[in-house]
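Asks: Here's the letter readout for the chains.
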Amino acid sequence: DTEVTQTPKHLVMGMTNKKSLKCEQHMGHRAMYWYKQKAKKPPELMFVYSYEKLSINESVPSRFSPECPNSSLLNLHLHALQPEDSALYLCASSQDRLLSGNTIYFGEGSWLTVV
Amino acid sequence: QKEVEQNSGPLSVPEGAIASLNCTYSDRGSQSFFWYRQYSGKSPELIMFIYSNGDKEDGRFTAQLNKASQYVSLLIRDSQPSDSATYLCAVMDTGRRALTFGSGTRLQVQP
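Here the protein sequences come in this chain order: A and B.
Numbered per my numbering, the first sequence finishes at 115, counting up by one with no gaps.
Numbered per my numbering, the second sequence finishes at 1111, counting up by one with no gaps.
Each hint should be verified, as a subset may be incorrect.
[Said to hold, decoys possible] Label-pair restraints from in silico Cβ distances:
no. : chain 1 : residue 1 : chain 2 : residue 2 : range
1   : A       : G101      : B       : S1020     : 35 to 43 Å
2   : B       : E1057     : A       : K19       : 19 to 27 Å
3   : B       : Y1051     : A       : Y51       : 22 to 30 Å
[Unchecked claim] Straight-line alpha carbon distances no greater than 25 Å define the calculated DSS-like cross-link-like pairs of lysine-lysine that follow:
no. : chain 1 : residue 1 : chain 2 : residue 2
4   : B       : K1056     : B       : K1067
5   : A       : K38       : B       : K1002
6   : B       : K1042     : A       : K9
7   : A       : K40       : B       : K1002
8   : A       : K53       : A       : K22
9   : A       : K41       : A       : K9
10  : A       : K36       : B       : K1042
11  : B       : K1042     : A       : K22
12  : B       : K1042     : A       : K40
[Unchecked claim] Among the chain B residues that face chain A by a calculated CB cut under 8 Å, a handful are:
no. : residue
13  : S1032
14  : P1044
15  : L1088
16  : R1096
17  : R1097
18  : A1098
19  : L1099
20  : F1101
21  : S1103
22  : G1104
Source of the hints: derived by calculation from the structure; they are not laboratory data.
Here the structure is a predicted model, which is why all the values come from computation and not from measurement.
The C-beta atom is built at its ideal place from N, Cα and C for all residues, glycine as well.
My request is simple: use the sequences and hints to build the entire structure.
Replies: Shown next, in the form of structure tokens:
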């Protein structure tokens, strides 16, 4: 059973607010990802954690701050966002990103609206 | 910039027909290929993955991979209205070891 749980499902925040998106998986996966998806566009990679260490930052603005407290949890801290940051934020996990045949599973996403 | 290309559609097929979705990729070293289905307002759902040249079947779905032509496809047999969704082709980037997605093909199955 593959399950990646994201909270909250919906978030509305002002441009001066600080909020966080949370992601949890209990499949023993050691790689976790944040993707951003705008309407009618494909998901775009933001960050990758591998064995709780940040492996990839796709030149994401510093108003997005990822955190991986342990192997099951992944957070995305949000501060001073802009309306154009409104999107679906997808968390994903996989067994080990360096394995051949690594398969990535997505959570249901968090819809973020910045007002 | 490594690219994954898909026809955006919409691809319209009648109920019961075979839907054929196509994808090309630029990274010749890619080894892993995925098809995700995404309903409007929902997250991507993995439906197939393929690593070897040839065909891989799972129920009504068949993935086809031709690494020499850098081409991967998805066939959906006996298409149902519930198959109407956007289908995202994704390729494992050999450098970043993360997925690069195509822009997706919107499939409409007409009852």
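Asks: Does K41 of chain A pair with K9 of chain A here, judged by a C-alpha cut-off of 25 Å?
Replies: Cα-Cα ~19 Å, so holds.
Asks: Should the interface hint for P1044 of chain B be scored as holding, given a Cβ-Cβ cut-off of 8 Å against chain A?
Replies: At about 5 Å, which falls below the 8 Å cut-off, the nearest Cβ of chain A leaves the hint on P1044 of chain B intact, so it holds.
Asks: Report holds or violated for the interface hint on L1099 of chain B, using the least CB-CB distance to chain A and a cut-off of 8 Å.
Replies: holds, 6 Å
Asks: Are F1101 of chain B and chain A close enough, Cβ to Cβ, to be under 8 Å, as the hint says?
Replies: Since chain A brings a Cβ to about 4 Å from F1101 of chain B, closer than 8 Å, the hint holds.
Asks: Against chain A, run the beta carbon of L1088 of chain B and see if the smallest gap drops under 8 Å.
Replies: Given a least distance of 6 Å, the restraint on L1088 of chain B holds.
Asks: Going by Cβ atoms only, is S1032 of chain B closer than 8 Å to chain A?
Replies: Hint on S1032 of chain B: holds, closest Cβ of chain A at ~6 Å, below 8 Å.
Asks: Take the shortest C-beta to C-beta distance between R1097 of chain B and chain A; is it under 8 Å?
Replies: The hint holds - R1097 of chain B has a Cβ within 8 Å of chain A, the shortest such distance being about 4 Å.
Asks: Would you check whether G1104 of chain B satisfies its interface hint, that is, whether its CB is within less than 8 Å of any CB in chain A?
Replies: Cβ of G1104 of chain B sits 6 Å from chain A, so the hint holds.
Asks: Are the Cα atoms of K53 of chain A and K22 of chain A separated by 25 Å or less?
Replies: The given pair, whose Cα atoms are some 17 Å apart, holds under the 25 Å limit.
Asks: At the C-beta level, are G101 of chain A and S1020 of chain B separated by a distance inside 35 to 43 Å?
Replies: Since G101 of chain A and S1020 of chain B have Cβ atoms about 25 Å apart, the given range 35 to 43 Å is violated.
Asks: Given S1103 of chain B as an interface hint, is its Cβ closer than 8 Å to any Cβ of chain A?
Replies: holds, 5 Å
Asks: Given the hinted pair K36 of chain A and K1042 of chain B, is their Cα-Cα distance within 25 Å?
Replies: holds, 13 Å
Hints 1, 2, counting from the list given before, are not met by this structure.
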